[in-house]
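**Q** Chain by chain, the residues:
Protein chains: 2
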Amino acid sequence: MTIPKDHPRYESLMRREKLKDMVERGIVDPTGLISHGRGEAFDYLMDEKSVEPALKAEEAAAAFLLNAKNPVICVNGNTAALCPKEISVLAQEINAKIEVNIFHRTEERMNTIIRFMEDEGAENVLGRKPDARIPGLSSDRALCTKEGIFDSDVILVPIEDGDRAEALVDMGKTVISIDLNPISRTSKTATVSISDDISRALENIRKFAIKMKGNEEYIIETINTYDNSQTRQETINIICFILKNEFQKEA
Amino acid sequence: MTIPKDHPRYESLMRREKLKDMVERGIVDPTGLISHGRGEAFDYLMDEKSVEPALKAEEAAAAFLLNAKNPVICVNGNTAALCPKEISVLAQEINAKIEVNIFHRTEERMNTIIRFMEDEGAENVLGRKPDARIPGLSSDRALCTKEGIFDSDVILVPIEDGDRAEALVDMGKTVISIDLNPISRTSKTATVSISDDISRALENIRKFAIKMKGNEEYIIETINTYDNSQTRQETINIICFILKNEFQKEA
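One line per chain: the protein sequences are X and S, in this order.
Quick note: to get our numbering, add 445 to the position in the first sequence (first position is 1).
Quick note: to get our numbering, add 445 to the position in the second sequence (first position is 1).
One should not assume that every hint holds.
As the list claims (entries may be wrong) - SDA-like mimics (lysine to any residue), calculated; alpha carbons at most 25 Å apart, straight line: (1) S/K530 / S/E504; (2) S/K689 / X/G607; (3) X/K689 / S/R586; (4) S/K463 / X/F548; (5) X/K450 / X/V468; (6) X/K689 / S/Y671; (7) S/K514 / S/E568; (8) S/K465 / X/F561; (9) X/K463 / S/S674; (10) X/K450 / S/R586; (11) S/K494 / X/F692; (12) X/K494 / S/R460; (13) S/K514 / S/F595; (14) X/K694 / S/Y671; (15) X/K656 / X/N669; (16) X/K530 / X/E565; (17) X/K463 / S/D606; (18) X/K465 / S/R460; (19) X/K694 / S/S674; (20) S/K465 / X/E469; (21) X/K463 / X/K530; (22) S/K465 / S/R554; (23) X/K689 / S/K494; (24) S/K450 / S/R460; (25) X/K658 / X/Q678; (26) S/K465 / X/G607; (27) X/K465 / X/D488; (28) X/K574 / X/Q537; (29) S/K450 / X/A612; (30) S/K463 / S/E568; (31) S/K465 / X/R554.
Derived from the structure by calculation, the hints contain no laboratory data.
Working from the sequences, and respecting the hints, build out all of it.
**A** Okay, structure coming up:
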């Protein structure tokens, strides 16, 4: 389908077409399209921009990641499809490892995603040879590498399912989630819950990281003053404000 | 994927798998999965049940449909995939025509969907031979039949896009939408905006129709007293209440 560049929803429609192609390439599972749609709904409810609480969470994310001993960025099918370059540049900026971990796991799909990430510039992508398991999970999602997810102290999980987010928190890790739904199980569980579009979130984290890198005081103060519960409360207030405002506009 | 029957999200997961299969059968366009996801998000925000304003809208829908001269139920890929039987029995109950109308239109896909609907019990499904156009639309979505959509006075459009909903209202029709997002362009435009899951909505309309059939007074009073703006306002209030309540529960 050809989408005219001046279409008001050009970006969003292009992204849908991209995800559709990525299903054909075996990178995105068809049900990944449904989860993308759920995110889109919440993005509408935040006017498709990075709202103030999202920026606060992204600043905190940068601080936690820069302060980590072994930071890891977890990548699933949708993340790889939508943001391969953003993941790679962020990983370089904060010196983090990248590990692919997917729900609908086959060796073939793992290889396809890892190769795709590498073609797009990611280096040393982990996940091909899992040698550890996340305790408490029965599915293949438990499979991970010791040097990556298993031994990480701070982990960034874009578009994560609730079970795994909980299991990672139970392991004592600092879990940073990117999930547009502020009341999802993942957002409820994470240490830092970013409710923002994944591309914008990754870019914002990178910008904050550039700004605070080497400034230990800024990093530590950001970590110490960050209040995730308040951030989520503010996000919910914004959604309700926009919902009611949208309705008023018509009247 | 096998989903255990006691999984708390069994229904929702089964439906995702069904839509995935329906993509393979050519009934659902892959981007239809994304739109299903958007609906799911709003369904979560209404506790996955038919909230009070949805029931009011469904009662009004039954009244408008029973009072119509030429009621038509419009069917797209997602609707056919998820509710072929519900559409058929509702059409019989209210004596409405069924017309298939899709955004990503090919003759092959039209035939696949119509055949599927007929196999599932729908009779005389229109749409194969369009002989009219909805004014103001440039895409293939404008194609329709004169005896069906074009000459309808009351039209039920589950999961409709905003452009077409507006074009149908501009034709002077009573448009009843089923769209979980209460602030979508479709919901803003429709005469009766039902924000409910499509299966529940179709079943509820049918039950109301059975209840009010033959009771002219009940039908006319329902039509005369229905306030769509108030219904949508109530829906938004409920979403905000649930959002805030979900958050409070954790504290």
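**Q** If you test the structure against every hint from before, which numbers come out violated?
**A** 3, 9, 12 and 25
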